[in-house]
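Enquirer: One-letter residues, chain by chain:
Protein chains: 2
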Amino acid sequence: MGPVRIESASNDRIKLLKKLTNSSAERRERGAFVLDGARLCRDAVRSGRVPLEVYMTPEFVSRMPDAAGEIARGCPSVFEIAGKAAAAVSDTDAPQGVFAVFPLAGDKMTLDKSSFTDKINKRGVYIALENVQNPGNLGATARTAEALGADGMVICGGCDVYSPKAQRAAMGSLLRLPVFLADGLPAALRLFEEAGMTTLASVPDASALPVTKLGKREGLVCAVGNEGAGLSEEAVNACRLRVTVPMAGRAESLNAAAAAAILMWELLKPEGEPDE
Amino acid sequence: MGPVRIESASNDRIKLLKKLTNSSAERRERGAFVLDGARLCRDAVRSGRVPLEVYMTPEFVSRMPDAAGEIARGCPSVFEIAGKAAAAVSDTDAPQGVFAVFPLAGDKMTLDKSSFTDKINKRGVYIALENVQNPGNLGATARTAEALGADGMVICGGCDVYSPKAQRAAMGSLLRLPVFLADGLPAALRLFEEAGMTTLASVPDASALPVTKLGKREGLVCAVGNEGAGLSEEAVNACRLRVTVPMAGRAESLNAAAAAAILMWELLKPEGEPDE
Numbered sequence: 001m002g003p004v005r006i007e008s009a010s011n012d013r014i015k016l017l018k019k020l021t022n023s024s025a026e027r028r029e030r031g032a033f034v035l036d037g038a039r040l041c042r043d044a045v046r047s048g049r050v051p052l053e054v055y056m057t058p059e060f061v062s063r064m065p066d067a068a069g070e071i072a073r074g075c076p077s078v079f080e081i082a083g084k085a086a087a088a089v090s091d092t093d094a095p096q097g098v099f100a101v102f103p104l105a106g107d108k109m110t111l112d113k114s115s116f117t118d119k120i121n122k123r124g125v126y127i128a129l130e131n132v133q134n135p136g137n138l139g140a141t142a143r144t145a146e147a148l149g150a151d152g153m154v155i156c157g158g159c160d161v162y163s164p165k166a167q168r169a170a171m172g173s174l175l176r177l178p179v180f181l182a183d184g185l186p187a188a189l190r191l192f193e194e195a196g197m198t199t200l201a202s203v204p205d206a207s208a209l210p211v212t213k214l215g216k217r218e219g220l221v222c223a224v225g226n227e228g229a230g231l232s233e234e235a236v237n238a239c240r241l242r243v244t245v246p247m248a249g250r251a252e253s254l255n256a257a258a259a260a261a262i263l264m265w266e267l268l269k270p271e272g273e274p275d276e
Numbered sequence: 277m278g279p280v281r282i283e284s285a286s287n288d289r290i291k292l293l294k295k296l297t298n299s300s301a302e303r304r305e306r307g308a309f310v311l312d313g314a315r316l317c318r319d320a321v322r323s324g325r326v327p328l329e330v331y332m333t334p335e336f337v338s339r340m341p342d343a344a345g346e347i348a349r350g351c352p353s354v355f356e357i358a359g360k361a362a363a364a365v366s367d368t369d370a371p372q373g374v375f376a377v378f379p380l381a382g383d384k385m386t387l388d389k390s391s392f393t394d395k396i397n398k399r400g401v402y403i404a405l406e407n408v409q410n411p412g413n414l415g416a417t418a419r420t421a422e423a424l425g426a427d428g429m430v431i432c433g434g435c436d437v438y439s440p441k442a443q444r445a446a447m448g449s450l451l452r453l454p455v456f457l458a459d460g461l462p463a464a465l466r467l468f469e470e471a472g473m474t475t476l477a478s479v480p481d482a483s484a485l486p487v488t489k490l491g492k493r494e495g496l497v498c499a500v501g502n503e504g505a506g507l508s509e510e511a512v513n514a515c516r517l518r519v520t521v522p523m524a525g526r527a528e529s530l531n532a533a534a535a536a537a538i539l540m541w542e543l544l545k546p547e548g549e550p551d552e
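The listed protein sequences derive, respectively, from chains A and B. Read in order, the letters of the first sequence are residues 1 to 276 in our numbering. Read in order, the letters of the second sequence are residues 277 to 552 in our numbering.
Heads up, some of the hints might be wrong.
[Claimed, not checked] The list that follows gives simulated cross-link-like pairs (lysine-lysine, PhoX-like), each with its CA atoms no further than 20 Å apart:
| id | chain 1 | residue 1 | chain 2 | residue 2 |
| --- | --- | --- | --- | --- |
| 1 | A | K213 | A | K18 |
| 2 | B | K489 | A | K213 |
| 3 | B | K489 | B | K294 |
| 4 | B | K395 | B | K291 |
| 5 | A | K84 | A | K19 |
| 6 | B | K398 | A | K165 |
Everything labelled a hint here was simulated from the structure, so no lab data went into it.
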């Protein structure tokens with residue numbers, strides 16, 4: 001017996017799937033999120049997640065049978081959907097025809113004093129984002145963090161980590177990197193300090209310590225603020241050091257994702273790579 | 277006598293303005309583009325451009341009279357528009373109520389052998405983008421280039437420099453930086469080589485020269501490819517050196533804008549800033 005077939009875009013399950021795709025409140029309420037596309041669904045499965053529900057078009061299954069099998073394996077609720085139902089759910093112009101619903105990671109993503117040591121590598125390098133509004137910036141920063149070898153991210157406020165745009169920009173990095181959600185960044189930064197790590201506040205201020213002169217490459221967390229306002233005063237005050245990217249050009253022009261990329265690069269670039 | 281007032285969103289001028297905002301073909305055909313919002317319109321005026329047409333809501337004029345005066349100064353065609361006409365034109369959710377139409381820069385933006393020396397600083401550092409599809413990445417790279425003090429950009433194929441999304445992500449950098457449009461990147465790179473400059477192809481390949489070991493900080497152009505495919509083989513072959521960002525993490529995960537940011541940083545960071 002094959003999977004249950006859903007034809008109509010107005011089917012109740014499709015409507016719920018669409019809501020889960022578009023609404024952060026719906027994701028919190030149901031404790032679940034949707035991934036759209038073969039690559040992201042596979043990334044999630046390969047990182048050990050088991051989907052609660054999988055929706056695939058017959059065209060997808062015949063075009064990518066191996067991916068379809070890998071994504072649906074172990075999932076109790078697999079549905080076949082028509083192309084028009086897929087188009088109704090996706091926020092992309094040309095959906096591949098595969099969606100999977102996963103449970104939110106929940107308590108894995110919270111940091112508190114008792115679990116800090118289990119979750120954080122005290123010799124590692126972490127990036128913390130405060131109130132970043134643009135899901136593209138959030139996702140791109142996760143992707144850069146993984147590429148450069150950061151140990152994880154702390155995310156406080158701003159856009160939803162589970163939004164389709166953030167997940168797409170992250171290309172799976174938000175599923176593989178340890179990601180922690182903080183209600184308030186200052187409190188999270190204090191946990192790092194109490195554990196003996198060094199907290200850095202990134203500020204666009206030429207009088208702050210140039211990141212190139214930090215002289216420390218481990219046991220760090222670097223906090224970056226949002227696109228318009230930068231870090232909150234409380235977050236800056238919670239940090240041991242204020243660091244900056246020294247610039248020849250127009251300093252106010254560096255955006256959050258670019259600043260985070262350059263800071264992480266300086267903190268994470270392979271040792272033994274002198275400048276010239 | 278005040279400006280001509282346009283009430284209706286279906287007025288012919290408003291329809292044309294909307295087309296110019298949304299269509300790259302329309303911009304080429306009319307030789308003009310639209311900027312949306314006070315900051316971008318002012319950036320353009322301050323960089324020496326005179327608008328062909330200005331459209332403002334009375335609410336904008338009374339809220340920001342100085343900006344309104346600065347943007348409209350010297351413009352022969354200033355129109356007052358209703359809020360609903362402004363909402364019809366803008367591709368943002370909350371338009372500020374000011375739009376200005378500017379002529380395309382045209383021959384200022386082309387590079388050929390005869391004009392190369394007039395337009396290019398041979399001791400400068402340039403970034404060249406091939407076929408970048410995402411206007412957000414294009415704009416963000418321009419913003420980073422200006423922040424770090426690059427001398428200009430070469431853009432070949434990909435999305436339209438004059439699209440509202442690219443201009444918005446650039447925060448005015450695309451209006452201030454020297455930007456050159458190339459029909460083919462290999463031919464443009466050969467102009468740089470013939471002028472005695474060094475051409476660099478950025479590749480995600482651990483066997484290429486780490487950018488940290490380049491040992492040269494001037495007379496350079498660094499080519500970066502698009503989000504999916506990277507640089508074309510022809511562009512790589514046209515370059516003297518293949519360089520890479522050495523990474524501890526997942527190399528395939530660095531996106532075009534982040535790679536460009538880190539490469540420019542290494543090529544442009546202030547001298548006398550040793551690593552540690």
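Enquirer: Run every hint past the structure and note whether it holds.
Expert: Consistency of the hints with the structure:
no. : hint            : result
1   : A:K213 / A:K18  : violated, 49 Å
2   : B:K489 / A:K213 : holds, 19 Å
3   : B:K489 / B:K294 : violated, 49 Å
4   : B:K395 / B:K291 : violated, 37 Å
5   : A:K84 / A:K19   : holds, 16 Å
6   : B:K398 / A:K165 : violated, 40 Å
Violation of the numbered hints given earlier is confined to hints 1, 3, 4 and 6; the remaining hints are satisfied by the structure.
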